[in-house]
Structures are given as C-alpha cells and as structure tokens.
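**Student:** Chains A and B are the protein sequences, given in the same order. Sequential numbering of the first sequence, starting at 1, is according to full-length UniProt numbering. Sequential numbering of the second sequence, starting at 1, is according to full-length UniProt numbering.
You may find that some hints are simply not true.
Using C-beta positions, here's what the derived DEER-type ranges look like [to be verified]: (1) Arg134(A) / Phe82(B): 47 to 55 angstroms; (2) Ser307(A) / Leu224(B): 45 to 53 angstroms; (3) Leu224(B) / Glu322(A): 51 to 59 angstroms; (4) Ile250(B) / Thr257(A): 33 to 41 angstroms; (5) Leu109(A) / Leu188(B): 52 to 60 angstroms; (6) Arg267(A) / Gly206(B): 48 to 56 angstroms; (7) Asn226(A) / Leu216(B): 57 to 65 angstroms; (8) Leu384(A) / Pro22(B): 55 to 63 angstroms.
Example chain A residues on the side facing chain B (calculated, C-beta under 7 angstroms, incomplete) [said to hold, decoys possible]: (9) Arg174; (10) Ile175; (11) Phe295; (12) Asp301; (13) Ala308.
Hints listed in this document are in silico derivations from the structure and should not be mistaken for laboratory results. Heads up, the beta-carbon is just placed ideally off N, CA and C, and yes, glycines get one too.
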Amino acid sequence: MNLLLTGLNHKTAPVELRERLSIPEDALPAITAEVLALPGVEEAMILSTCNRVELLLAHRERTPEPDLAAFLEERFQLSGSGVREHLYHHREAEAVRHLFRVACSLDSLVLGESQILGQVKAAYAAAKENGAVRTQLDRLLQDTFALAKRVRTETEIGAAPVNISSVAVDLARRIFGSLDGKRVLLLGAGKMSELAARHLVHHGANRIVVANRTLARAEALAAQFNGEAISFEAVYSLQDVPDILITSTGAPRPILTAAHVQQFLHRRRRKPMLLVDIAVPRDVEPEVNRLEGAFLYDIDDLQSVASANLTDRRRQAGLAEEIVAAEAARFEQKRRSLEIGPVISGMQQTVEALCEAELQRLAPRMQSMTDEQYAAVKMLTRGLMNKFLHLPKQALRSAAQTGDDAAVRAIQAAFDPSVLRTGPRGDLACPRSGVSMEDVKREKARGHNEEQGSTASAAPETASESTLSDEIPARRH
Amino acid sequence: MYLIWLRAAVFLYGLASVAAIPAVFGGKSTWKQLCLPAAVGGFVLQMVALVEMLTAAHHWIPTGVHEVQVALSLLVTLIFLFVWAAYRTFSFAVFALPLSLLLTIVPAISDQRYTFSSEHIRSGWIFAHVFLLLAAYAALFFSLLASILYQVEEHRLKNKRSPRLTEWLPPLDTMDRIAQSLLIAGFLCMTAGLLAGSLIAQERSGARYFADPKILMSFVTWLLYVLMIYVRRSTGFRGRRAVYLSSLIILAMISVYAANLVSSVHRFSLP
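Please model the complete structure; the sequences and the hints are all you need to start from.
**Tutor:** Printed below as a string of structure tokens:
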C-alpha cells in the first residue's frame with residue numbers, strides 16, 4: 001500500500017483559491033466517497049480548514065498513482081485556475097512527516113496553535129464514520145494523535161499566547177486565576193475591545209459592562225454579551241468597579257488618570273484590577289501602573305509579551321521538529337515491517353507447497369514406512385524448511401527496515417510462486433533455473449556415485465530438500 | 001523503634017523535597033506524582049513516629065525539643081497538603097517539604113537533650129495548648145510565604161517581565177486567599193492555644209505565671225496579631241505591606257519561642 005498526500009495551504013495558495021477549494025463539513029462524506037472511487041484508492045481522508053485543504057490516500061501498489069490534481073480541477077471546476085501550481089504532493093515517508101507536522105501545528109499559520117489537532121481529529125472521525133479510513137490510515141492517524149499529544153506535553157509549543165487578545169486573557173488568569181464571574185468593563189465599543197471581551201467571555205467572564213460616548217453603540221455591543229450599557233460619564237461613579245477594564249476609545253488624551261483608578265481601587269478595597277489599554281493615543285495615564293493593586297498593560301506591552309512568546313514558540317518548535325522527525329522515521333520503519341508480513345507468509349506458503357509436492361511425489365516409495373516414520377520425515381522436512389527460510393526472512397526484515405527496496409524485491413522474486421514453474425513432467429521446478437526436480441535428483445545421484453556418498457552442499461535449497469527426500473529408504477514389502 | 005520511622009520519614013521527605021524542585025519549577029507531572037506520595041508517606045511515618053515517641057515518654061504532650069520539632073514539622077506538612085487539596089496549588093512544596101525535612105532531621109539522628117520542665121505536662125489542656133500554638137506557627141509561616149510570593153508575582157506583572165521565572169506560582173488571587181485564610185486559621189489556633197494555656201496557668205499557679213516575660217510576650221504577639229488582621233481587613237493591604245505585617249508577627253513569635261531561654265516558668269531545660 002502506498003501513501004499519497006496532496007493539498008495546498010496558506011503558504012502555497014492565496015486565500016481566493018483556498019476558499020474555492022474549501023469543503024464544508026456536510027459535503028465531506030460525499031467528496032470522500034468520490035475520492036475513494038478513484039482507481040486504486042483503498043482509503044482516504046480529507047482535511048479542510050481555512051488554511052489548508054489536504055487529501056490523504058492509501059492506494060494499491062503497482063497501480064498508477066491517482067491524479068488528485070485532475071480530480072480537484074474537475075470536482076471544484078478549477079480548470080484553468082492554475083491550481084496545479086499551488087498543490088504539493090508528498091509520498092510515503094514524506095506524507096507521514098507532513099501529516100505529523102500539520103497535527104503538531106508546526107505547519108500552521110500561528111505556530112503552535114491548538115485548533116488544528118481538533119480539526120485533524122474531526123476529519124478522521126468523519127472519514128472513519130464513512131468507512132474511508134481502515135487499517136493503513138487508521139494506524140497512521142492513531143500515531144499522529146499520540147505524537148501531537150506527546151509534542152504538547154514534552155515541549156511548550158502552545159504554552160504561551162501569541163496574539164494580543166489571548167495575552168490579555170492570560171494576564172487576567174495570572175491575576176485572578178479563574179475568570180468565572182469576573183466583571184469586565186469595555187470603555188469604547190471598538191473592534192479590538194470587542195475581540196478581547198469575546199476572549200474573556202470565552203474563558204468564563206460573564207458580567208460585561210460597555211460604556212461608549214454613543215450609548216446606542218454601547219447597547220448594541222452589550223447585547224452581544226448579554227451585558228449592560230452605561231453612559232461614558234457613569235464610569236467614574238461606578239460603585240461595582242470591574243475586575244478587568246479594557247479601553248479603546250479615540251480620545252486624544254488619557255481619560256483615566258491615576259486619581260480615577262485610585263478611587264476605583266479604594267472602592268474595590270485594594271483588590272487587584274487589570275487595565276488593558278489598547279487605544280492609541282493611550283486612554284490611561286502610565287502612572288496608574290504604580291498604584292498598588294493596579295496592573296496596566298498598553299498595546300506595546302501586550303505586543304512585546306506576544307512577540308516574546310512567539311520567540312519561545314519558535315525555540316520550542318525546533319524541539320518539536322526533532323520529535324516529529326524521529327517519530328516519522330519510526331513509523332516508516334514500522335510500516336515497512338508490517339508491509340513485508342504478507343511477503344514472508346507468501347515465502348512460507350511457497351516453500352510449504354514445494355515440500356508438500358515432494359512428499360506427495362514420493363508417497364508411493366514411502367508406503368513401507370510406519371506412520372511414526374512418515375511423521376518424522378514430515379517433521380524433518382518442515383524443520384529444514386524453517387531453517388532454510390530463517391536467513392532470507394531475516395535479510396528481508398532488515399532490508400525492509402533500512403528501506404532497501406531492491407533487496408526486498410530480489411528476495412521476494414526468489415520466492416515468487418509464479419517463478420517456480422513446473423518441470424516438463426509436471427513436477428515443481430527449481431526457482432528460475434527451469435531444471436526439474438527429477439533432473440536435479442538424477443544429477444545428484446550421479447554425483448553421489450562419483451563422489452562415493454558425498455552430498456552436493458552447493459546445490460540450491462529445493463534440491464537439498466529433494467535430496468533429503470531421496471535419502472529416505474523405500475518401504476520394504 | 002520510633003527512630004526507624006523517623007528516619008524513613010526523613011528519607012521520604014528528602015525524596016519529596018528533591019522531586020518538588022522539577023515538579024514546581026519545571027512543571028513536570030512525573031516528579032509531582034513522585035513528590036506527593038512521598039510527602040504523604042513521610043507524613044504518615046512521622047505521625048507514627050511521634051505517637052511512638054510520646055508513648056515511650058509516657059505522655060501525650062510534646063515536651064521535649066525534638067518532640068516539638070517533629071510535631072511542628074507534621075503540622076507544616078499537614079498545612080501544605082491542605083493548601084494543595086483546597087487550592088490545587090503545588091508551588092508551596094518547594095518551601096514546606098524542605099522545612100519539614102530540616103525540622104525532622106535532628107530528632108531523627110540525635111538523642112533528646114532538652115525537655116520542658118513543667119510538672120503539669122500530663123494535662124489534656126496542655127496538649128491542646130501546645131498543638132494549637134504549633135499550628136498557629138505553621139499557619140502563619142504559610143501565610144507569610146503566600147504574601148511574599150504574592151509580592152514577587154505582583155512585582156513581575158507590574159514590570160511586565162516574562163513569566164518564565166515565576167510561571168510555577170499560582171495566580172495572585174489564589175495566593176491572596178491562601179494568605180488570608182491561613183492568617184485567620186493561625187489566629188484562631190493562637191487564640192485557642194493561649195486560652196488553654198492561660199486556664200491551666202490560672203488554675204495551677206495563679207496570677208504569678210502571667211508576670212513571666214515569655215507569657216507576657218505571647219500576649220503581646222496575640223495583640224499584634226489582632227491588630228494585623230484588623231489593619232489588613234480594613235485597608236485591604238496585600239503584597240509588600242502584607243509581608244511587612246506578617247513578618248512582624250513572625251518575629252514576635254520567634255521572640256516568644258526564644259524567650260524559653262529567659263523564662264523561669266516556661267522553658268526547655270536539660271532533664
């Protein structure tokens with residue numbers, strides 16, 4: 001079975017093309033079924049997010065590789081769009097490594113973000129539900145999830161936030177622990193403060209108050225969070241002072257002075273208060289940060305925390321890449337070992353068939369043997385067969401593990417049943433030589449007479465087996 | 001026999017103290033999984049050792065210096081385990097466990113030299129007196145520690161430094177709650193402990209007992225404690241000022257303990 005991963009992402013394709021290829025969740029089963037219907041495709045999974053569309057396939061060996069570019073062009077009516085130039089194709093070990101990197105968020109737009117793993121899991125679940133993921137991809141995906149978990153545990157790639165809103169949430173959590181029940185005041189109803197508030201609400205803050213010069217806008221924003229809208233002037237006399245204050249007004253000079261915040265803190269009995277000032281020019285006097293219990297962060301502070309965290313993530317990504325590379329190599333080795341399983345059992349079956357044929361051919365000459373003697377001969381044949389097969393099997397395994405495909409093919413060919421043709425009198429022939437067993441035995445007998453009982457040690461394996469059969473004394477009547 | 005338990009407890013505390021470092025500073029859960037059972041094991045063995053120690057001495061009140069040290073160490077570990085269970089905060093392990101280890105090492109390796117010389121040591125009230133005051137010491141120690149760590153984290157947040165060095169600390173609010181609740185718990189223990197001691201002293205020795213410098217110092221400490229709680233609650237002091245206030249009480253407590261040397265009625269002496 002071969003692996004093929006074809007797709008495009010934020011690095012290789014513009015958003016215009018990505019959105020044309022984007023596959024909605026409800027359309028996934030149908031499109032996966034279409035991919036499965038392509039010639040030679042055994043298993044398939046489609047990962048479609050806002051930053052990437054990738055098709056992962058397991059297809060039969062010795063069949064032409066499915067033309068996924070053509071499929072995408074036809075399915076999404078992209079002929080002439082130049083989609084082929086934006087596609088990447090990864091095969092075998094490269095496909096495994098790519099999938100690992102994607103799931104570990106090493107290929108994401110925001111390095112280390114955690115969403116992608118959930119998206120890969122969802123894609124897997126959808127494909128599994130439709131029976132598109134079975135043995136090969138199932139094994140690969142299970143290993144992918146285990147690896148992604150390991151990377152999260154062993155590195156700190158996703159530990160620190162790298163966008164301003166998340167940094168604000170992280171700061172709030174460093175101060176308040178849980179944000180459950182925390183009161184948030186939004187000063188100004190701008191986009192940035194809305195985004196920060198959304199993050200805070202997502203993490204548990206549930207009491208939102210919005211103050212804006214235009215009360216209608218404050219009311220509209222407050223309605224989004226089931227919050228309360230107040231007039232701008234009412235902020236200074238608030239008795240129930242919020243725990244977190246986010247300000248982003250367009251005021252030309254600070255609207256909150258140290259004296260204002262001092263009053264807030266007094267009303268809060270000096271309980272800590274986080275002030276996030278994302279306005280430029282700033283809304284809060286810098287002196288506020290000197291007050292005990294007030295923690296003031298402006299846009300530059302947030303950005304410097306975010307970029308310091310991003311530097312940390314890049315450092316951690318190096319460690320993650322090492323883990324991914326090692327795991328990809330290990331997976332590939334495991335896959336090769338599993339792939340030669342059928343080859344080994346094929347070898348075994350071929351040689352067993354040879355033994356059985358020899359025993360049947362010599363059956364008339366062994367009629368005088370007791371059942372015990374016959375069983376002993378059978379056991380001896382089997383034992384020798386296993387001994388002779390041991391070295392080729394070992395060589396096959398080690399060739400598979402080192403990726404020496406030429407050696408694997410050579411050993412496989414040597415035991416291919418189609419190569420073992422039947423001799424002119426209908427008996428099984430030695431591999432490739434075309435010499436029948438009878439010919440070998442005649443040669444052997446001649447050599448035996450000439451050399452006075454010496455055996456031809458350099459004879460092929462099958463010949464050795466025949467010789468052993470010949471040496472069984474005929475049953476006396 | 002108690003020495004064996006005590007030494008085993010020292011070993012486990014040592015193990016827990018070492019494991020606490022990577023568990024807290026490196027956030028390694030494997031070390032935490034080693035640290036917590038070792039700490040609990042040390043605690044159990046130490047409790048067995050203390051019971052055997054007291055049984056062998058034919059009294060139930062820690063009257064020897066070593067007995068007091070073991071009891072105090074036991075209470076420190078107990079409070080650490082309580083803080084961990086109630087606030088899911090493991091950071092205190094790096095302070096509490098080495099302290100428990102240090103307090104246990106000497107009793108585990110050497111003979112008891114100093115004992116409390118009072119003739120009234122068999123009373124159950126004395127038992128309450130000693131244990132409640134030791135619990136007050138331990139609680140105040142943790143409260144001070146939480147206030148110091150609060151101050152450290154507050155300083156970092158105000159200066160916008162990378163959290164890397166203090167990442168292991170719990171959030172400010174949690175540290176504040178730990179400091180406040182242990183302060184109250186320590187106060188209640190101290191009040192009850194002093195009350196128990198006063199009742200015994202009044203009954204057996206009369207007013208004479210209350211003229212002793214150590215006893216007087218104990219009441220001064222209690223008054224300072226009341227004052228500190230009042231100031232903290234009325235002003236909402238946290239961080240630096242809370243550290244100063246708690247340090248003051250700790251100093252007063254240490255001086256009470258040190259007053260053993262000058263006290264005529266309440267001291268440890270050679271048997």
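**Student:** Indicate, hint by hint, whether the structure satisfies it.
**Tutor:** Cross-check of the supplied hints:
The hinted range of 47 to 55 angstroms is satisfied by Arg134(A) and Phe82(B), whose Cβ atoms lie roughly 52 angstroms apart. At roughly 48 angstroms, the beta-carbon separation of Ser307(A) and Leu224(B) lies within the given 45 to 53 angstroms, and the hint holds. Hint check: Leu224(B) to Glu322(A), Cβ distance near 57 angstroms, so the stated range 51 to 59 angstroms holds. The hinted window of 33 to 41 angstroms between Ile250(B) and Thr257(A) holds, with their beta carbons roughly 38 angstroms apart.
Between Leu109(A) and Leu188(B) the beta carbons are some 56 angstroms apart, a value that agrees with the proposed interval 52 to 60 angstroms. Look at Arg267(A) against Gly206(B): about 52 angstroms separates their beta carbons, and that is inside 48 to 56 angstroms. In this structure, Asn226(A) and Leu216(B) meet the distance hint of 57 to 65 angstroms, their C-beta atoms being roughly 60 angstroms apart. Between Leu384(A) and Pro22(B) the C-beta distance comes to about 57 angstroms, which sits within the given range of 55 to 63 angstroms.
A cut of 7 angstroms between beta carbons decides the hint on Arg174(A): the least distance to chain B is about 6 angstroms, and the hint holds. Of the supplied interface hints, the one on Ile175(A) holds, with its beta-carbon coming within about 5 angstroms of a beta-carbon of chain B, less than 7 angstroms. Hint status for Phe295(A) relative to chain B: holds, with the closest Cβ pair at about 5 angstroms, below 7 angstroms. The restraint placing Asp301(A) at the interface with chain B holds, with a minimum CB-CB distance near 5 angstroms, inside the 7 angstroms limit.
Hint status for Ala308(A) relative to chain B: holds, with the closest Cβ pair at about 6 angstroms, below 7 angstroms.
In the structure shown, no violation is registered for any of the earlier numbered hints.
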